[in-house]
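Participant: Those sequence lines, one after another, are chains S and C. The first sequence lines up with residues 88 to 531 when you count with our numbering. The second sequence lines up with residues 88 to 531 when you count with our numbering.
Everything labelled a hint here was simulated from the structure, so no lab data went into it. All of these numbers come straight from a predicted model, not from anything done at the bench. Just so you know, not all the hints are guaranteed correct.
Under the rule of at most 30 Å between Cα atoms (straight-line distance), these lysine-lysine pairs were calculated in the DSS-like manner [as the list claims (entries may be wrong)]: (1) K295(C) x K100(S); (2) K240(S) x K100(S); (3) K295(S) x K240(S); (4) K100(C) x K295(C); (5) K240(C) x K201(S); (6) K166(S) x K518(C); (7) K201(S) x K201(C); (8) K100(C) x K201(C); (9) K201(S) x K100(S); (10) K295(C) x K295(S); (11) K240(C) x K201(C); (12) K518(S) x K166(C); (13) K240(C) x K295(S); (14) K295(S) x K166(S).
Number of protein chains: 2
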Amino acid sequence: MSQEVRDIAQRTKRASRAVANLPAERRSDVIVTMARLLEAEAARIIAVNAEEVAEASTLVEQGGMTSATPDRLQLNECKIAEMVRSMRAVAALPDPLGRVLERTELDDNLILDKVTCPLGVLAVIFEARPDAVTQIGALALKSGNAVILKAGKEVERTASLLVELMRRAFRECELPEDAVSLVAGREAVQALLGLPDLIDLVIPRGSKQLVEFVQSATRIPVLGHAEGICHVYVHSGANQETALAIIDDAKTDYPAACNAAETVLVDASIAAQFLPKLANRMRSRGVRLRGCEETRAILGRDDLEPVPDSDWHREHGDLVLAIRVVENVDAAIEHIHRFGSAHTEAIITDDNSIAERFLREVDSAGVYHNASTRFADGYRYGFGAEVGISTSKLHARGPVGLEGLTTYKYLLRGQGQIVRDYHGANARSFKHARLPGPFTDSTR
Amino acid sequence: MSQEVRDIAQRTKRASRAVANLPAERRSDVIVTMARLLEAEAARIIAVNAEEVAEASTLVEQGGMTSATPDRLQLNECKIAEMVRSMRAVAALPDPLGRVLERTELDDNLILDKVTCPLGVLAVIFEARPDAVTQIGALALKSGNAVILKAGKEVERTASLLVELMRRAFRECELPEDAVSLVAGREAVQALLGLPDLIDLVIPRGSKQLVEFVQSATRIPVLGHAEGICHVYVHSGANQETALAIIDDAKTDYPAACNAAETVLVDASIAAQFLPKLANRMRSRGVRLRGCEETRAILGRDDLEPVPDSDWHREHGDLVLAIRVVENVDAAIEHIHRFGSAHTEAIITDDNSIAERFLREVDSAGVYHNASTRFADGYRYGFGAEVGISTSKLHARGPVGLEGLTTYKYLLRGQGQIVRDYHGANARSFKHARLPGPFTDSTR
Chain S
88 MSQEVRDIAQ RTKRASRAVA NLPAERRSDV IVTMARLLEA EAARIIAVNA EEVAEASTLV
148 EQGGMTSATP DRLQLNECKI AEMVRSMRAV AALPDPLGRV LERTELDDNL ILDKVTCPLG
208 VLAVIFEARP DAVTQIGALA LKSGNAVILK AGKEVERTAS LLVELMRRAF RECELPEDAV
268 SLVAGREAVQ ALLGLPDLID LVIPRGSKQL VEFVQSATRI PVLGHAEGIC HVYVHSGANQ
328 ETALAIIDDA KTDYPAACNA AETVLVDASI AAQFLPKLAN RMRSRGVRLR GCEETRAILG
388 RDDLEPVPDS DWHREHGDLV LAIRVVENVD AAIEHIHRFG SAHTEAIITD DNSIAERFLR
448 EVDSAGVYHN ASTRFADGYR YGFGAEVGIS TSKLHARGPV GLEGLTTYKY LLRGQGQIVR
508 DYHGANARSF KHARLPGPFT DSTR
Chain C
88 MSQEVRDIAQ RTKRASRAVA NLPAERRSDV IVTMARLLEA EAARIIAVNA EEVAEASTLV
148 EQGGMTSATP DRLQLNECKI AEMVRSMRAV AALPDPLGRV LERTELDDNL ILDKVTCPLG
208 VLAVIFEARP DAVTQIGALA LKSGNAVILK AGKEVERTAS LLVELMRRAF RECELPEDAV
268 SLVAGREAVQ ALLGLPDLID LVIPRGSKQL VEFVQSATRI PVLGHAEGIC HVYVHSGANQ
328 ETALAIIDDA KTDYPAACNA AETVLVDASI AAQFLPKLAN RMRSRGVRLR GCEETRAILG
388 RDDLEPVPDS DWHREHGDLV LAIRVVENVD AAIEHIHRFG SAHTEAIITD DNSIAERFLR
448 EVDSAGVYHN ASTRFADGYR YGFGAEVGIS TSKLHARGPV GLEGLTTYKY LLRGQGQIVR
508 DYHGANARSF KHARLPGPFT DSTR
């Protein structure tokens, strides 16, 4: 198995060189061709998927599978139309490659360009959601990368068909089909994670357990986020109506999303006044409340489950909200750093100087003033398409667009310059003049 | 040991919050204070170091240590003056924090800023070179990070004294001294690498073995490069005098540097004419040559050692040059991708279209046209100070300046906006207007 996966990765690496060098139009053409094939074969895809989901459901009834709900496995006409629409949208995005990020004149006729280029080979490991196959395929190709996919076993046949259509699109465009491959089975994951010489980035899409397993099992860089434990802090200077509306949105708009709020922190000085309003609003929305001792004292101990310390960093992903009374902004920030996942946090206040302090001091990918944590999303940020949300600090942080699938290289164009002329006696000086852009990368 | 190191890391994490929030002037003040203390205590540092180096030399004579030469352990007045100068230069660099990289108007009064901020806690593991302690300390502090250092055992006492002076500088500036700490011993390295919740980045400085060990032993992101196997490709359209001058510089200016050339690739059509000139030039410089069969046939089999396939990816770090005759630019690129380390490669040619192809297709951190590979260096690129050179593609690639020790976060400032208003029936549209800069981060 391990040798088989290495062979696939080697072919993918070779194909990645070809894809990296394609002009933007040709990369977009393949994506548009994929979308057309997907549309044409929708009925067949739905049939294969329905069969597979039915088998998975039987397994669930027999107690054999608990990890994914049928909803996350199933494709229907509506989902396929959305996949097709999304691929065409990715094809239409501006080219992320060949952007000259900086141009510096090191000396006369010695020009340094920092230019964006693809990463190379991406390995994407996902558990359910077969729609992720085409989305990640389109994003990878748009950014000039090749990709190896590993699907969860419940959707292996669906994924296999989707990948076959993508490979057909490459052939129709007279390009190497090995730019997209599928591998199957748990051993294949282990084999992929052991190929740092061939794979440039691993993207796990699924449970926290999957992400943490991948992170601990490979030397290859990993792009992913394990958890979203988002906080809304209601400062004493908050407009309380604004606070109620934002908490309502952050908790109930889509509770399973990683950018949904899990915990509300409330300043002690307004707790007695604000908490009953919050409790009413949340209960009218069907949200179950949990709280610290002070919250329970205000709202009624019988109605509120307590929150043990170990539970403040629990992601409910459901209509459950934890509430804690805090002394002030310092205590709120300390709580967030201690229990949060560095995803997205919001402060609600009309006091701008407190808000600016919160924005500066909170160490999370997103820090908001008077806005819902649900804005943390590549589409809402204006990226056009989202690779995922990263709670890592390296490379890409927060919602990640196409840019996260690129790197850069330095191109230096000279006329025979050597370093020896720039040191020792009578050394030439560097100019180091940053030239104002924008510039076009002349290699493309 | 493991608990002790965790305690230190926890104190460092706490101190990192304080350092991250300091205005630029205060961070620079600490660095300038460090430089002053270093200058004042130069004699004591040299004495401690001399004692330690003498002991290490005795060990070497007894066959007990082979990893580091005394030259890389030793501090003298000249080196300390350079350390002091370098710290002051770092203090004078522009602030890397609070730079607004992008500002986007998502909607009326809903403004998204992408702002640079520190990573948090850096762990720096180095083998010899005690001068690295102050350099990395200054860079870490300038970029608002706290740092835990682990020195090689041969320079532990020197490093300990240097760290003590840096901690004194923090105290003198009324700031938490825990922003810089030293740990000792191999077990401490293992303990550090097991703290992904407290340490944000590991920087190994030393041998290829050290870097690879660190990469395989931790989930924490690693910034480093294992090898520099740089190539110079002499295309048939090269000005041969230019080629000789560049190869001379790339090989002999500083052979132990990672950006020195290891292999020269020469087009077959000019090999018979060019190789004898190259051999003369190299031999006059004391460079030993090795070659492929065709090179040996031209230059004399008795004079040239052959290069087995496994040896094309060997970093000599010495006055040794491997030469290979290639068919054309495609064969050159294939050789580079197969045997190189993705550090820096150069093409020598007067044919611009071939050069542009080489620049586009070669997948290395630096790709040069008619310039020496020795330019691959943060100082020469104009970064002012260098953290190191990265052959990883993620986060930072090539020479890494202060920017590589920062990340960014998204600050969103609203007036109570919620996401529910932007979907469903009568949804508001996003504006997603990128505002032209430059902007100042108002939290600092």
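Participant: State the violated hints by number, sorted upward, taking the hints as numbered earlier in the document.
Facilitator: 5, 10, 11 and 13
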